[in-house]
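> Residue-level listing of the chains:
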Amino acid sequence: MSVPVIDVTNLSKFYGKARGIEYINLEINEGEIFGFIGPNGAGKSTTIRILMNMIFPTSGSARIMGMDVIRETKTIKSRTGYIPSDANAYSAMGVREFLEYCINFYNVQNGGKKITELSDMFELDLNRKIADLSLGNRKKVSIVQSLLHSPALLILDEPTTGLDPLMQSVFFELLRSENKRGMTIFFSSHILSEVQMLCKRVAIIKDGKIIQLEDIDNLRKKQLKKVTIEFGDQLNAQSFVIPGIENVITRSGNRMSCMFSGNINELVSFLSGKYILNLMIEEPSLDEIFLHYYKN
Amino acid sequence: MNRNLFLMEIRRNALSLIIWTMVITILISVTMSFYSTFMENQSKIAGMLSIIPKGALQFKGISNFNDLLSVLGFYSANNVIYMMVLGSIFGIVLSSNILLKEEYDKTAEYLLTRPVTRSEIFVSKLAVIYLNVFLLNFITALAGFICVELVKKGVFSIGAFLVLSLYTLLLNILFSSAGLFLSTLIKRAKPITTFSIGIVLICYFIFTLSKITESASKIGYLSPFRYARVDAINPDYSLDFWHLAYFIGISLLLTVISYRIYLKKDIYT
Chain C
112 MSVPVIDVTN LSKFYGKARG IEYINLEINE GEIFGFIGPN GAGKSTTIRI
162 LMNMIFPTSG SARIMGMDVI RETKTIKSRT GYIPSDANAY SAMGVREFLE
212 YCINFYNVQN GGKKITELSD MFELDLNRKI ADLSLGNRKK VSIVQSLLHS
262 PALLILDEPT TGLDPLMQSV FFELLRSENK RGMTIFFSSH ILSEVQMLCK
312 RVAIIKDGKI IQLEDIDNLR KKQLKKVTIE FGDQLNAQSF VIPGIENVIT
362 RSGNRMSCMF SGNINELVSF LSGKYILNLM IEEPSLDEIF LHYYKN
Chain R
39 MNRNLFLMEI RRNALSLIIW TMVITILISV TMSFYSTFME NQSKIAGMLS
89 IIPKGALQFK GISNFNDLLS VLGFYSANNV IYMMVLGSIF GIVLSSNILL
139 KEEYDKTAEY LLTRPVTRSE IFVSKLAVIY LNVFLLNFIT ALAGFICVEL
189 VKKGVFSIGA FLVLSLYTLL LNILFSSAGL FLSTLIKRAK PITTFSIGIV
239 LICYFIFTLS KITESASKIG YLSPFRYARV DAINPDYSLD FWHLAYFIGI
289 SLLLTVISYR IYLKKDIYT
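If you read the protein sequences in the order shown, they are chains C and R.
Residues 112 to 407 in my numbering are what the first sequence lists, from first letter to last.
Residues 39 to 307 in my numbering are what the second sequence lists, from first letter to last.
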């Protein structure tokens, strides 16, 4: 059995008494595109910073390609690309100068050609100063620098911030094609739609803990349904109690909307004695699934 | 050491090095150009200096007016502030920013994710500090030497000149090590340039105060300037072993502690 590309065991980080992450466990296999979703402050960047050895864990361990992220960080980084959430490169440098500086850390043949290829793909002007670039263009620089050495693992921390939809599409296409060639991708984001588009498996992180680790498809296939009911008379909220109603999204007048994970027959049976104007049972969107887990 | 990082840092700091070197060189040249005028107007200047408290001259390494007549005495008395204070400010500003800048500019996320260890980063940046401080000292000392040669009226001790230059270099390195040490103590990155400059100026102030105020003479031992001898025209002027040990020991200690802290430091951006 092959070694997981990322293997995180009981990883915790505390900043004094403040929680960073608590007992995170993750296993990401070779060739996967793995989504890491959570709201701001949930612990996504903390996890990534430990993987990249920018900060040290309070307890637990993390291994990348079978190597310890602290002791063997140099070897790991020679095979890993990283796109930070902040696209702050060395502002006094030119784009070409910065990318040449980045590629010179690796033993890359035809580095100049690689810089030109990737820059052309993202319509990046190599002759401009980084200080003069917009956020979107700085993000492109960040993307290009991460791919120059053809890494086996790519770690992305909110990579699309500032990118226009066209460039996002180019970027996702590139990620898919690199993935087909064997690259493992760890995609951290709070934008569910982009995770949904790319990833096969996803971990939801909340308050520093992983609350759900699931295939994207399974997550959708769960019994979880979005139920919207419009009653013919005024809704008595107290009377509407059935096992499986997990969180009411809206409740106004005679209309209510909720997530339901119980037995659908019980719901129908309960509703059969009521005067109903409209009933909708839908597949929830990933955002709604995420909100459901997050609220719980 | 990482060559790529080292070369980038050299390029990054080149302009600052050139400006500081030029400023100090110009100041030395201008000061030394007054030596001839000074010699021609000795009696008037002697009268003026007689009203200055003796201590105010002593901290510049002068015990009496005649010391200033020697070209080396004139050089050390008038240029020490440029070479020692400005050189130390250059060193501490460079060293206190060289690691920290990566954090507060948020570029550490690019540097620390390259195949380079913390140890290599530290050593590369340390080498840049040493090289910059050495080049600043070498060029300004060379400029000083040329000026002294051009305006001298008699012979002067080249050995004493070299010792004076070495003390300046050691002092500058000590403050550079202090800057590096301070920067590793900062948890949430922010520039500490003003604070660093303040440290050099406070140390110089303490040293000056201890020399001109007898009751405060003991506090001079707290200042590294106390151990950089500037009395270059003193017949027994030489590189004192304990002073040398002080500079090397403190610099080494601060550097080693900084290194150990940096290896384990959480880097936030």
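Because the hints were derived from the structure by calculation, they are not lab data.
Here the structure is a predicted model, which means the values were calculated and not measured.
It is possible that some hints are incorrect.
Unchecked claim - With a straight-line Cα cutoff of 35 Å, these simulated DSBU-like cross-link-like pairs (lysine-lysine) come out:
{"hint": "1", "chain 1": "C", "residue 1": "Lys185", "chain 2": "R", "residue 2": "Lys144"}
{"hint": "2", "chain 1": "R", "residue 1": "Lys190", "chain 2": "C", "residue 2": "Lys320"}
{"hint": "3", "chain 1": "C", "residue 1": "Lys128", "chain 2": "R", "residue 2": "Lys139"}
{"hint": "4", "chain 1": "R", "residue 1": "Lys139", "chain 2": "C", "residue 2": "Lys311"}
{"hint": "5", "chain 1": "R", "residue 1": "Lys82", "chain 2": "C", "residue 2": "Lys185"}
{"hint": "6", "chain 1": "R", "residue 1": "Lys303", "chain 2": "C", "residue 2": "Lys240"}
{"hint": "7", "chain 1": "C", "residue 1": "Lys317", "chain 2": "R", "residue 2": "Lys82"}
{"hint": "8", "chain 1": "C", "residue 1": "Lys128", "chain 2": "R", "residue 2": "Lys190"}
{"hint": "9", "chain 1": "C", "residue 1": "Lys240", "chain 2": "R", "residue 2": "Lys228"}
{"hint": "10", "chain 1": "C", "residue 1": "Lys185", "chain 2": "R", "residue 2": "Lys256"}
{"hint": "11", "chain 1": "R", "residue 1": "Lys228", "chain 2": "C", "residue 2": "Lys320"}
{"hint": "12", "chain 1": "R", "residue 1": "Lys191", "chain 2": "C", "residue 2": "Lys185"}
{"hint": "13", "chain 1": "C", "residue 1": "Lys128", "chain 2": "R", "residue 2": "Lys225"}
{"hint": "14", "chain 1": "R", "residue 1": "Lys139", "chain 2": "C", "residue 2": "Lys225"}
{"hint": "15", "chain 1": "C", "residue 1": "Lys317", "chain 2": "R", "residue 2": "Lys191"}
{"hint": "16", "chain 1": "C", "residue 1": "Lys317", "chain 2": "R", "residue 2": "Lys190"}
{"hint": "17", "chain 1": "C", "residue 1": "Lys320", "chain 2": "R", "residue 2": "Lys225"}
{"hint": "18", "chain 1": "C", "residue 1": "Lys317", "chain 2": "R", "residue 2": "Lys302"}
{"hint": "19", "chain 1": "C", "residue 1": "Lys128", "chain 2": "R", "residue 2": "Lys228"}
{"hint": "20", "chain 1": "C", "residue 1": "Lys320", "chain 2": "R", "residue 2": "Lys191"}
{"hint": "21", "chain 1": "R", "residue 1": "Lys302", "chain 2": "C", "residue 2": "Lys240"}
{"hint": "22", "chain 1": "R", "residue 1": "Lys256", "chain 2": "C", "residue 2": "Lys128"}
{"hint": "23", "chain 1": "R", "residue 1": "Lys190", "chain 2": "C", "residue 2": "Lys185"}
{"hint": "24", "chain 1": "C", "residue 1": "Lys291", "chain 2": "R", "residue 2": "Lys228"}
{"hint": "25", "chain 1": "R", "residue 1": "Lys82", "chain 2": "C", "residue 2": "Lys128"}
{"hint": "26", "chain 1": "C", "residue 1": "Lys225", "chain 2": "R", "residue 2": "Lys256"}
{"hint": "27", "chain 1": "R", "residue 1": "Lys82", "chain 2": "C", "residue 2": "Lys320"}
{"hint": "28", "chain 1": "C", "residue 1": "Lys317", "chain 2": "R", "residue 2": "Lys256"}
{"hint": "29", "chain 1": "C", "residue 1": "Lys311", "chain 2": "C", "residue 2": "Lys185"}
{"hint": "30", "chain 1": "R", "residue 1": "Lys139", "chain 2": "C", "residue 2": "Lys240"}
{"hint": "31", "chain 1": "C", "residue 1": "Lys337", "chain 2": "C", "residue 2": "Lys317"}
To be verified - Pair ranges (Cβ atoms, derived):
{"hint": "32", "chain 1": "R", "residue 1": "Ile286", "chain 2": "C", "residue 2": "Thr186", "range": "32 to 42 Å"}
{"hint": "33", "chain 1": "C", "residue 1": "Lys311", "chain 2": "R", "residue 2": "Gly236", "range": "38 to 48 Å"}
{"hint": "34", "chain 1": "R", "residue 1": "Gly236", "chain 2": "C", "residue 2": "Ala242", "range": "21 to 31 Å"}
{"hint": "35", "chain 1": "C", "residue 1": "Ser189", "chain 2": "R", "residue 2": "Arg50", "range": "22 to 32 Å"}
The beta-carbon is built from N, C-alpha and C at its ideal position, and this holds for glycine as well.
> Indicate, hint by hint, whether the structure satisfies it.
Hint by hint, here is what the structure shows:
1. Lys185(C) to Lys144(R): 20 Å, holds
2. Lys190(R) to Lys320(C): Distance of about 75 Å is beyond 35 Å: violated.
3. Lys128(C) to Lys139(R): With a Cα-Cα distance of about 27 Å, the restraint between Lys128(C) and Lys139(R) holds, given a limit of 35 Å.
4. Lys139(R) to Lys311(C): 39 Å, violated
5. Lys82(R) to Lys185(C): Not OK: Lys82(R) and Lys185(C) at ~68 Å, beyond 35 Å, violated.
6. Lys303(R) to Lys240(C): Distance of about 31 Å is within 35 Å: holds.
7. Lys317(C) to Lys82(R): 81 Å, violated
8. Lys128(C) to Lys190(R): 67 Å, violated
9. Lys240(C) to Lys228(R): This hinted pair holds, its Cα atoms lying about 24 Å apart.
10. Lys185(C) to Lys256(R): Roughly 50 Å between the alpha carbons, so the hint for Lys185(C) and Lys256(R) is violated.
11. Lys228(R) to Lys320(C): 30 Å, holds
12. Lys191(R) to Lys185(C): 60 Å, violated
13. Lys128(C) to Lys225(R): 16 Å, holds
14. Lys139(R) to Lys225(C): 29 Å, holds
15. Lys317(C) to Lys191(R): Outside the cut-off at roughly 80 Å; violated.
16. Lys317(C) to Lys190(R): 76 Å, violated
17. Lys320(C) to Lys225(R): 25 Å, holds
18. Lys317(C) to Lys302(R): 28 Å, holds
19. Lys128(C) to Lys228(R): With a Cα-Cα distance of about 23 Å, the restraint between Lys128(C) and Lys228(R) holds, given a limit of 35 Å.
20. Lys320(C) to Lys191(R): Violated - the C-alpha atoms of Lys191(R) and Lys320(C) are around 79 Å apart, more than 35 Å.
21. Lys302(R) to Lys240(C): Between Lys302(R) and Lys240(C) the Cα gap is close to 34 Å, so the pair holds against 35 Å.
22. Lys256(R) to Lys128(C): Outside the cut-off at roughly 44 Å; violated.
23. Lys190(R) to Lys185(C): 57 Å, violated
24. Lys291(C) to Lys228(R): 43 Å, violated
25. Lys82(R) to Lys128(C): 70 Å, violated
26. Lys225(C) to Lys256(R): Violated, at about 64 Å.
27. Lys82(R) to Lys320(C): Violated - the C-alpha atoms of Lys320(C) and Lys82(R) are around 81 Å apart, more than 35 Å.
28. Lys317(C) to Lys256(R): Not OK: Lys317(C) and Lys256(R) at ~59 Å, beyond 35 Å, violated.
29. Lys311(C) to Lys185(C): Between Lys311(C) and Lys185(C) the Cα gap is close to 29 Å, so the pair holds against 35 Å.
30. Lys139(R) to Lys240(C): Holds, because 19 Å separates the two Cα atoms, which is no more than 35 Å.
31. Lys337(C) to Lys317(C): 22 Å, holds
32. Ile286(R) to Thr186(C): 32 to 42 Å: At roughly 36 Å between Cβ atoms, Thr186(C) and Ile286(R) fall inside 32 to 42 Å, so the hint holds.
33. Lys311(C) to Gly236(R): 38 to 48 Å: 56 Å, violated
34. Gly236(R) to Ala242(C): 21 to 31 Å: 29 Å, holds
35. Ser189(C) to Arg50(R): 22 to 32 Å: 24 Å, holds
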